[in-house]
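Number of protein chains: 2
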Amino acid sequence: MPAPVDALRDALAPIEDLKSAAAVLSWDQETFMPDGAAEARAQQLSTLKTMAHERFVTDEIGALLDKAETAVEQGEATDMQADLVRVVRRDYDRARKLPSDLVSALSQAASRGQTAWKQARANDDFDHFAPHLEELVDLTIQKAEALGYENERYDALLDEYEPGLPTSAVVDTFADLREQLVPLVDAIAEQPAPDDAMLHGAFPVDKQKAFGEAVITDFGYDFDCGRQDISAHPFTTSFDVTDVRLTTRFDAQFLPSGLFSTLHEAGHGLYEQGVAPDLARTPLAEGASLGIHESQSRFYENVIGRSRPFWQHYYPALQDTFPDALRNVALDDFYRAINRSEPSLIRVEADEVTYNLHVMLRFELERALVQEDLAVQDLPAAWNDRMDTYLGITPDSDANGVLQDVHWSFGAIGYFPTYALGTLMSAQIANAMRKDLPDLDAQIAAGEFAPVLDWLRTHIHRYGRRLDAPDLLEQATGQSLQADAWLGAMRTKYGAIYPGL
Amino acid sequence: MPAPVDALRDALAPIEDLKSAAAVLSWDQETFMPDGAAEARAQQLSTLKTMAHERFVTDEIGALLDKAETAVEQGEATDMQADLVRVVRRDYDRARKLPSDLVSALSQAASRGQTAWKQARANDDFDHFAPHLEELVDLTIQKAEALGYENERYDALLDEYEPGLPTSAVVDTFADLREQLVPLVDAIAEQPAPDDAMLHGAFPVDKQKAFGEAVITDFGYDFDCGRQDISAHPFTTSFDVTDVRLTTRFDAQFLPSGLFSTLHEAGHGLYEQGVAPDLARTPLAEGASLGIHESQSRFYENVIGRSRPFWQHYYPALQDTFPDALRNVALDDFYRAINRSEPSLIRVEADEVTYNLHVMLRFELERALVQEDLAVQDLPAAWNDRMDTYLGITPDSDANGVLQDVHWSFGAIGYFPTYALGTLMSAQIANAMRKDLPDLDAQIAAGEFAPVLDWLRTHIHRYGRRLDAPDLLEQATGQSLQADAWLGAMRTKYGAIYPGL
Numbered sequence: 001m002p003a004p005v006d007a008l009r010d011a012l013a014p015i016e017d018l019k020s021a022a023a024v025l026s027w028d029q030e031t032f033m034p035d036g037a038a039e040a041r042a043q044q045l046s047t048l049k050t051m052a053h054e055r056f057v058t059d060e061i062g063a064l065l066d067k068a069e070t071a072v073e074q075g076e077a078t079d080m081q082a083d084l085v086r087v088v089r090r091d092y093d094r095a096r097k098l099p100s101d102l103v104s105a106l107s108q109a110a111s112r113g114q115t116a117w118k119q120a121r122a123n124d125d126f127d128h129f130a131p132h133l134e135e136l137v138d139l140t141i142q143k144a145e146a147l148g149y150e151n152e153r154y155d156a157l158l159d160e161y162e163p164g165l166p167t168s169a170v171v172d173t174f175a176d177l178r179e180q181l182v183p184l185v186d187a188i189a190e191q192p193a194p195d196d197a198m199l200h201g202a203f204p205v206d207k208q209k210a211f212g213e214a215v216i217t218d219f220g221y222d223f224d225c226g227r228q229d230i231s232a233h234p235f236t237t238s239f240d241v242t243d244v245r246l247t248t249r250f251d252a253q254f255l256p257s258g259l260f261s262t263l264h265e266a267g268h269g270l271y272e273q274g275v276a277p278d279l280a281r282t283p284l285a286e287g288a289s290l291g292i293h294e295s296q297s298r299f300y301e302n303v304i305g306r307s308r309p310f311w312q313h314y315y316p317a318l319q320d321t322f323p324d325a326l327r328n329v330a331l332d333d334f335y336r337a338i339n340r341s342e343p344s345l346i347r348v349e350a351d352e353v354t355y356n357l358h359v360m361l362r363f364e365l366e367r368a369l370v371q372e373d374l375a376v377q378d379l380p381a382a383w384n385d386r387m388d389t390y391l392g393i394t395p396d397s398d399a400n401g402v403l404q405d406v407h408w409s410f411g412a413i414g415y416f417p418t419y420a421l422g423t424l425m426s427a428q429i430a431n432a433m434r435k436d437l438p439d440l441d442a443q444i445a446a447g448e449f450a451p452v453l454d455w456l457r458t459h460i461h462r463y464g465r466r467l468d469a470p471d472l473l474e475q476a477t478g479q480s481l482q483a484d485a486w487l488g489a490m491r492t493k494y495g496a497i498y499p500g501l
Numbered sequence: 001m002p003a004p005v006d007a008l009r010d011a012l013a014p015i016e017d018l019k020s021a022a023a024v025l026s027w028d029q030e031t032f033m034p035d036g037a038a039e040a041r042a043q044q045l046s047t048l049k050t051m052a053h054e055r056f057v058t059d060e061i062g063a064l065l066d067k068a069e070t071a072v073e074q075g076e077a078t079d080m081q082a083d084l085v086r087v088v089r090r091d092y093d094r095a096r097k098l099p100s101d102l103v104s105a106l107s108q109a110a111s112r113g114q115t116a117w118k119q120a121r122a123n124d125d126f127d128h129f130a131p132h133l134e135e136l137v138d139l140t141i142q143k144a145e146a147l148g149y150e151n152e153r154y155d156a157l158l159d160e161y162e163p164g165l166p167t168s169a170v171v172d173t174f175a176d177l178r179e180q181l182v183p184l185v186d187a188i189a190e191q192p193a194p195d196d197a198m199l200h201g202a203f204p205v206d207k208q209k210a211f212g213e214a215v216i217t218d219f220g221y222d223f224d225c226g227r228q229d230i231s232a233h234p235f236t237t238s239f240d241v242t243d244v245r246l247t248t249r250f251d252a253q254f255l256p257s258g259l260f261s262t263l264h265e266a267g268h269g270l271y272e273q274g275v276a277p278d279l280a281r282t283p284l285a286e287g288a289s290l291g292i293h294e295s296q297s298r299f300y301e302n303v304i305g306r307s308r309p310f311w312q313h314y315y316p317a318l319q320d321t322f323p324d325a326l327r328n329v330a331l332d333d334f335y336r337a338i339n340r341s342e343p344s345l346i347r348v349e350a351d352e353v354t355y356n357l358h359v360m361l362r363f364e365l366e367r368a369l370v371q372e373d374l375a376v377q378d379l380p381a382a383w384n385d386r387m388d389t390y391l392g393i394t395p396d397s398d399a400n401g402v403l404q405d406v407h408w409s410f411g412a413i414g415y416f417p418t419y420a421l422g423t424l425m426s427a428q429i430a431n432a433m434r435k436d437l438p439d440l441d442a443q444i445a446a447g448e449f450a451p452v453l454d455w456l457r458t459h460i461h462r463y464g465r466r467l468d469a470p471d472l473l474e475q476a477t478g479q480s481l482q483a484d485a486w487l488g489a490m491r492t493k494y495g496a497i498y499p500g501l
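Residue numbers (UniProt numbering), protein chains in the order written: chain L, 1 to 501; chain X, 1 to 501.
Treat the hints with caution; some may be incorrect.
Same chains, same names: a pair is fine if it fits in one copy or spans any two.
[Said to hold, decoys possible] In silico SDA-like cross-links for lysine to any residue, where the CA-CA straight-line distance does not exceed 20 Å:
id, residue 1, residue 2
1, Lys49, Ile15
2, Lys49, Ala13
3, Lys49, Ile393
4, Lys49, Ala11
5, Lys209, Asn384
6, Lys209, Gly447
Quick caveat, the hints were computed from the structure, so don't treat them as lab data.
The shape of chain L in the complex, shown without the other chains (with noise of 0.2 Å):
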């Protein structure tokens, strides 16, 4: 007889299994599948999915939960076991609260949904996204008040991505950037952007992908327990500790694009290889949030891969790689290339400086939406004068404006925000990390990134889910989320890059 947390812990793990297997398989789709077998891949995933879902609410799950917490409060557990405890009860009441009926509708919905997207895109035709779009809202709002919120709705979506974080944390922080980015982003556009004529050329893809391993595995990602592949659009996935695999997308014309992509890309992977194994098989086996997993990625592509020490030490080596176009090229203008900075249209081509506005624009209005401060008609409207405000640009169509993105198409409200939370705690995370260790950046100049990797590995990457996002962050680096780490890095590289600001 099993003590009752491990009696728990050995119900839910076929449970993982069974989300382990439908990762694989949608990896398998985005890489290697056939075209041909869209269909009965879809099939399959369904299966999968809704048998992890239908195990997982029994009444027996219950039982055994209630078991668990009574062990948890006689003190008859360990700390990793009343974690996951914890977590579980929150997963276990919020995946029971949603009525069948109403996932099965928000399924359906997110399908047509994504179908009438891509079609509204290619056309550039937002009404005949709109029903859809209404729909999903509605469906969304559903799905808010069957959860239940403390302040306001979109509380309830957000905690989905980044649980324990309130919506309005995310207003004052965005409050604090808006103020402050607006205008640097203004006064960098006022400044001679730098030239990046050589980071468009012969970039042959099998050269970019060897470079990119080579510098990720110099990071610490372990290729006996993970590999890259090609997708259309970069992601990284785990099946297990053991098992956490990259993809990315290279251009053959343009440098950065898989370069960066590549180092993002690892950086999600390397907190994934760094969940503490002993979580194998719990719902504890996965990072804390979206934001703290975007941190990591935004870490080693900005922080690190972004940065001059980190071009010291690998732009002769990405020379030697490419020698026809950087042979000539020096060092700092190379610098200043990949960090030029100005607005633009698209939220996944952005700079790092003005990535942050795009995202606070779509948390903006879709909190509007689900709050029924907006409507689905208005939504273009809005969206374009929200552009003119953050970034003094408007979308010459709705293709490269409100359509852009694929999120909402699939029901994904509470989502965009992670994206700049993470981009924010990296900066957080990066200022706790040199006071550990002074001589980071003379590490990074010699490529040393050991320190690094170790310290993210006992700060944040080891806990897992054990941890919620705002707790993590507070005992990793002493601070609630805030922008001022991150203005305060824009600042300092930007002054440097850019002499006249």
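Fit chain X to the given chain L structure using the hints.
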């Protein structure tokens, strides 16, 4: 309320999805999975297979099956539905007959057996493997007794791989085969062997792969519903009729290895791609038996791929692909080289003529083991005796003798004969096809393979498991299993290659 057979089919579909998911995970394990993930993957596969089994052997499926059988009896089902119910009844009864502790004991003994076998083969130490094989034979006997049989234990085991074929049919067919094949092999061994030096050399793998894929595309293998990858041991796997994948291995120094492996696996793949789409997500959506499956692979590998008309068409392209090796080699010399036959120790490297003797030997020995007519300790001596009798050679070690194959180490007893049955059936099928396609050789020599595939689709592929192998063979060829067709084909072919024969 769905009709009874539809209700059964609906209940089986998610089980098929679980099996397909397991097949994806197995494929990934053999192709792309990082080494570090082995343990987690074993766990995930075990969960998927256990769930599929548990969902199948429920009383609920039994009740649905009873109702479906009543519907069939009352004429309320299509022919396809009647076939489905018949096959599912057999699978269900078989699965329910096996006590779960026996299944578990076999699974664990197989896992230990494979580990021990690997060590034993590496160290040429049969005694290390013997106790494991004894346990596996003992458990296999228990399995046969639990399943029940008409005449002998081996019937119950063969039935897993070749449903509907009694052991006595194999015994009789192999007796005919032995009587005529042993003298043929002896006679060939007395002839001067063709020179095959041109097959050894430098054959870049990417060129081998491209050549093979062009050929199997000509055969009709659909890369929009399939792909080919590299694995240590070639295999074909199907996740759906729209997703049938081949794997192969290439030897950069020896051309035939990868080339004929690709054609062989394409035969399996064409079969799976040709199953009627209306059998999707049912237990009928796979090959009728291992023997029929092997008949398709041997057909494309040997009947077509090692024929003179085939190389009349492809040899110029092969010469263009590997000019250094083949520029100065005449078609006839190449053709004789790829058909060189001589007694050898290793089954998987054996040529078309001698191969069946390797299989016969294994069948006779494993049948004697489960009949308790042969003790495991006497197996190496029995192996070596029979090698001498059938092939006139004696293994230099147990590693190159009784320890060479993996099958027994995981309890696969009853599997070996299907290799030879497939070869024999491929010749019977070729003869039947030639009656309908009198210009077959000319079509092959012109690179026209559509008539071949159409014939196989019509007479074999589309049925999936709807017909048992003996019925399918009888319907397609007008004959039951026999050795004469293949022996006749070998005599004709080798009579032309060895004029002195």
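Checked hints:
no. : hint            : verdict
1   : Lys49 x Ile15   : both (9 Å within a copy, 13 Å between copies)
2   : Lys49 x Ala13   : both (15 Å within a copy, 15 Å between copies)
3   : Lys49 x Ile393  : neither (42 Å within a copy, 56 Å between copies)
4   : Lys49 x Ala11   : both (16 Å within a copy, 16 Å between copies)
5   : Lys209 x Asn384 : neither (38 Å within a copy, 52 Å between copies)
6   : Lys209 x Gly447 : within (19 Å within a copy, 39 Å between copies)
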